[in-house]
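Visitor: Sequence:
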Amino acid sequence: MEKRREFLKKISSLTAAIMLPVHQFALGHTGNSDKWGKVLPLRKLGKTGREVTMLGVGGYHIGWTTEKDAQAVIETSLEGGIRFFDTAESYGPHTSEARYGKYLTPNYRKEIFLMTKSTARDANTMQEHLDASLERMKTDYLDLWQVHSVMDANDVDSRIAEGVFEVVTKAKEEGKVKHIGFTGHNHPAAHLRVLERTSEKPIFETIQMPINVVDANHQHFINTVLPEAIDSNLGILAMKTLADGRFFAQKSNLKKIQWETDNPVIPNRVSLKEALYFVWSLPVSVLISGAEKADFIQEKIQLAWDFGSFDQQKRESLIAKVADLALEGKVEYYKNI
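Mapped onto my numbering, the consecutive letters of the sequence shown carry residue numbers 24 to 360.
Quick caveat, the hints were computed from the structure, so don't treat them as lab data. Take these hints with a grain of salt, some might be off.
[What the hints assert, rightly or not] Heads up, simulated SDA-like pairs for lysine to any residue below, C-alpha to C-alpha not over 20 Å straight-line:
{"no.": "1", "residue 1": "70", "residue 2": "38"}
{"no.": "2", "residue 1": "353", "residue 2": "284"}
{"no.": "3", "residue 1": "296", "residue 2": "335"}
Given only the sequences and the hints, what does the whole structure look like? Please build it.
Guide: So this is what it looks like as structure tokens:
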């Protein structure tokens, strides 16, 4: 408990430590721009030595929205300064990666940070997924490849026994991937199990998990996994920052309503700005957010450009506002409660 308190006190300094000076834009330094224009503020990606834009595109939405909208989201993201693109073999399935291969990598591969992930439970399938992902996205390497969606301790142990971790390690050694990591949204215990099983010989460089204002109240990754990840100098990839759309009154997939509520987190409890600023005020390397329309990602891009200070008092106030929603378990439906 004392360690947690000390961590919470240090959040602001930890966040500041991974942020690169934004004043470089005003001075016209080329380090924060490329051939396509200005790049969003950068943050350090843990022990990788890489720097990534503070906002990244979530690939799930690229896979299920229309082809036209997917292309528009990709192009709007690039124009707005995003250079981090997330996806997974299972998104679509395969559609998200294929659209990246069509609209993203042919022209922008050298300027972007490209990552994908696999839910494979055995070595052979894991290798097959990697080869197919590279082919679909028309690239000969990934900037990041992740073991995707670890569910619990038994799932972690099983994937290790079936050689999944060995495949990602070998892929890095062969240069097919630059960095490796793991993800999960089900329960913090799964992430902690990965860290425990790899403690003697750390192999992972990044960790992806739900980080949002509701998470802080129940089965929270923020207070349990985040401190351990920081101690291990992992690059923190924040996902589910809007609880997969359940912060809003409705969540629809190609006009099919999947979620409706008369008490949405946004705007009844907090604003979109507050929800995103809450996450960016934590020591995360990149906030990965999905968008099925260009307007949605453009709004988040502008908030990233405008981001400033957001202190512990503001964070605690927001956490208190949504405490009851966290206990209901309906918003963060993806957790094993």
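Visitor: Now tell me if each hint is right for this structure.
Guide: Hints, one by one, checked against the model:
no., hint, in the structure
1, 70 <-> 38, "15 Å, holds"
2, 353 <-> 284, "10 Å, holds"
3, 296 <-> 335, "16 Å, holds"
In this structure, every one of the numbered hints holds.
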